Amino acid sequence: MSPLWTILLILVPLAGALLVIFGGDGKNAYRDALWASIASLVPAVMMLIRFDYTRAAEFQGAASWTWIEQLGLRLSIGTDSIALLLIALTVLLGPVCVLASKTAITKHRRMYYAWLLILQAAMVGVFASRDLLMFYICFEFTLLPMFVLIRMFGSTNRVAASTKFFLYTFTGSIIALAGLVYVVGFAADLNGAWSLDIGVLTAAAAQMSAGQQAMVLGALLAGFAVKVPLFPVHTWLPLAHTEAPTAGSVILAGVLLKLGTYGIYRFAIPMAPAAFTEYAPAIATLSIVGIIYAGLICWIQDDIKKLVAYSSVSHLGFCVLGLAALNAAGLSGSVLYMLSHGLSTGGLFLMIGFMYERYHTRDMRKVSGLASKMPVWAFFMVFFAMASVGLPGLNGFPSELLCLIGAFQADEAWTLAGEPGAAGVTLGPWYAAVAGLGMVIAAMYLLIMVGRICFGPLVEPEGHHAHAVLPDDLNTREIITLLPLAVGCLVFGFFPGLLLDAIHDPVNQTLELVRAGSAAAADTAGAFTQGVRP
Amino acid sequence: MIEKLAIVWPEIILFATTCVVMLTGQWPVCAVRRMTPWLAAVGLIAAIGAAMASPPSDGLYPDLVPYAKSLVGIMGLMILPLLAGTVDRELEAGVARGERFEPLRSNGAEFYAFFLFSLTGLMLVASSDTLIWLFLALELTSLPTYMMVTLSSRSTRAHEAGVKYFFLGALGAAIFLYGFTLLYGATGSVNIPTIAAHFAEHGLGPIGLAGVLISLIGLFFKIAAVPMHFYTPDVYQGAASPVSAMLAFVPKMAGFMAIFMIVGSAGWGPDGTGLPVPVEALLWVVAAMTMTVGNVLALLQSSVKRMMAYSSIAHSGYMLVGVIAGPGGDGASFWRNGLAAVLFYLLCYGVMNLGVFAVLASLERKGQEADDIDDIRGLVRTHPPLGWSMVICCLALLGFPPLLGFIGKVGLITSGITSGHLALVIILAINSAIAALYYLRLVAAVYLEPASDTGFRPSRYGSRQVAALVSAGGVLVLLLMSNRLITAADDASRYAPVAPETAPYAEAGANN
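Protein sequences, first through last, are from chains A and B. Anchor point for the first sequence: position 104 equals 104 in this note's numbering, and the numbering is continuous, going up by one each time. Each position in the second sequence, counted from 1, maps to that position plus 1000 in this note's numbering.
Everything labelled a hint here was simulated from the structure, so no lab data went into it. Note that the coordinates shown come from a computational prediction; the quantities given were computed from them, not determined experimentally. Note that CB positions come from ideal geometry on N, CA and C, so glycine has one too. Be aware that one or more of the hints could be misleading.
Said to hold, decoys possible - Label-pair ranges, simulated between beta-carbon atoms:
no. : chain 1 : residue 1 : chain 2 : residue 2 : range
1   : B       : A1031     : A       : E69       : 45 to 51 Å
2   : B       : H1159     : A       : T66       : 49 to 55 Å
3   : A       : T66       : B       : P1384     : 31 to 37 Å
4   : A       : A193      : B       : P1384     : 30 to 36 Å
5   : B       : A1423     : A       : T66       : 28 to 34 Å
6   : B       : P1055     : A       : T66       : 30 to 36 Å
7   : A       : T156      : B       : A1041     : 48 to 54 Å
8   : B       : G1420     : A       : A193      : 32 to 38 Å
9   : A       : T106      : B       : A1041     : 47 to 53 Å
10  : A       : E69       : B       : P1055     : 26 to 32 Å
11  : A       : L18       : B       : P1278     : 32 to 38 Å
Could you build all of it, start to finish, from the sequences and the hints given here?
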């Protein structure tokens, strides 16, 4: 695979942003942004076609240029199959977000679409980078567009929401930077050369002592757990989600949260394998608390957008649980979840956005029975809610199930049974059983929501009158917006094997790293306890 | 003596320029008076040229001279356009109406002369190799700034600021002078490399240690570090913005150069991590306090100038992390070299910070400069170039990747971590996040909030806006050039603690 496609994926949206800024007034902005986001589908499709899936664990399309030599900062790109799929998700959401904003955004359109496209470029940069500092720069840079989107285009409480969003994630990630730099320093001492190449760092990091690994893990989790968000640092997310414009929520749920889980998968696990194995039960416990706690909050929500926002916290808990399981089922389930959650929750946010544009309320007490007035809308609402619940045949099911199986299998019994599963003794059936309750709760709150809002007698907010532009039910543009996500949900649901095959190699390679790493740490620990010292 | 002269050519050139400026600044012919800033610019450019060709000095940091002096010259050139219209406004307006020019009422000559004097002093600090030279150079840097603060505005606040700055500055000077005498008492020499050699051989001893610590405490005044920071907000707010911009850079740079000398004489040891424990403890505590106090108090401000004053305190704290990390041993690369990180960060900070003050100075209402955050609300819409300059400079100060402040901060973080000061780096990280809150407030006010007509219009001194644009452009250009600048900073920070007299013997010994 040629690196050209990856570069195009970053440059096309940036060029689109320039076009939006300098290409005339607000009306052109929508059109230009749409073309730019559709144009960036081309390199993404080319990447998907040209990628050699037999060598999925290798970073293909690699290229690098020196930027700041003294800091070892290189612009270095390359994708394995996991990064590739996440990039594909990002690019797929691009036109969806633009299409969804046509009537919702009426002021400052040039600013809006320009930042939307810049955000897309930055997110692709995160997944594509093979240089630590480049990763970090892209990772942090995503904050600024999102801050502007929430602050400028959000609803009533947007100032507080955007500030909280920025501060939470900025604080976390700058601590993560300290942790990453610590790894770089360690690797430099070990290898005698300063390098920011992620591969080199991962190889060196496994040799850190258990104490060092625990420290690094703490720092990295400070950054990535806030982003996921893991309980108890999740409080920024419901606020940001509720206040963000529809497209902002879609991107936030679809991709930005995945930067956290991707960070854990790509950095925290390989760079601190022994520590991650040791603390996996704690991390899993936090994620299970998040699953149940956020699920219960969903149950009592009247604000429909807040409900979906909290459901994101709950769902991402499964994703982290899968990572903490540290076996093939858990890790692949988690990666699958990163992809599928973007589709179903993104879809739900779109549905809420479409409703909000017509009724200007998100309060479930003020609207209900919309199925009689908006049948197409109600169809998609039920569809995405089912996908989110985990109905077999849709995307939520295989990923959630795999995460639970992973947690279940991450036990001594299963490891001894010859299953090349867990890298160490981490979790067990109890974890899976309690987390499984989360699925039940999810079914409850999502079905209640669908029942209240779609079915029953038609209730509309007082003083409601028809939208000036939009018809009662969804128009063609809105249906086209939803189709890619809906098709994605179906494909995921019926053929999860395709994706599982694609991510099989990189997941196993990560597991090998963890096994080797924790074995090495166990040896050192043993040596110390037996008093073998010079 | 002649060799000494060779390294002070930039200062000689600047001094000559100062004399010329002193004359032309009060020349009765208007056209000649107008030429004054241009003459100063020519002098600065010539001084930069001389600085770049400068041979190594005899000091602890032989290669510091070209980098530091060029940096001073370049920053001087960037501040110069901002100074336009700071003094003599009514006078020149009167002359334009046909009144007679009265040299006695004019301040233009002194103002530019003091500016150049201060820069001359700053350059001398960089090339100093004895304590007496260092003290005189520090005083030459500071004394003109006291006058500039008072001259810069007709309001009583400026006078109050000037007096406050002078008395506290004198106190600081007295403290570090006392420290210098103790150093002399402990070692019997005022030559800094000799002092370093003496300390390396015999250890610090109680008097030497007291000398180092007391000198440092006095120097903390110059860099506005806690607990010597109290004057900063009042002085920055009282002085006119162009002078505040200068105050945020010139004394700070002088302070850090001097701290380099004093800490360097105590020495980081061969591997760069062996700073004497009390010295390290003092620097550590002061760095942590400075960052935290500066950032937390900046949060509470609604005056942008006070906010920037507190942020200037905080940035001094960041840079102290680099001082603690030290040069990182022989031939260490940039990421280990805290001194190089400080030198690079000084440049970054100077440019970024100048941009913010330049934007404030560019906005006026009836001769009054913008100060409150309400005055700059919606600036991107009303005056896009100024607004964007503000946005870029604030994001850079925040350390937002990939802007200049981020690259600078990465240098400080890597050196801090590789020298083993993880806790301090975490404090730095948390402080950067606190700082994000108020910089973000500025960015949001300027970029995202609707404009309200506050009556502020761009100053009729267009050169101030040029200064704002040049700073914002500089933030971006320096980012692209950072490769070469980091190399320069790395070379400049070469730490050679061997006293010149003993060097030949050491070499002879090695040959035997």
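Evaluation of the provided hints:
no.	hint	result
1	B:A1031 with A:E69: 45 to 51 Å	49 Å, holds
2	B:H1159 with A:T66: 49 to 55 Å	53 Å, holds
3	A:T66 with B:P1384: 31 to 37 Å	34 Å, holds
4	A:A193 with B:P1384: 30 to 36 Å	46 Å, violated
5	B:A1423 with A:T66: 28 to 34 Å	33 Å, holds
6	B:P1055 with A:T66: 30 to 36 Å	32 Å, holds
7	A:T156 with B:A1041: 48 to 54 Å	52 Å, holds
8	B:G1420 with A:A193: 32 to 38 Å	20 Å, violated
9	A:T106 with B:A1041: 47 to 53 Å	49 Å, holds
10	A:E69 with B:P1055: 26 to 32 Å	27 Å, holds
11	A:L18 with B:P1278: 32 to 38 Å	56 Å, violated
In this structure, the hints that do not hold are numbers 4, 8, 11, in rising order.
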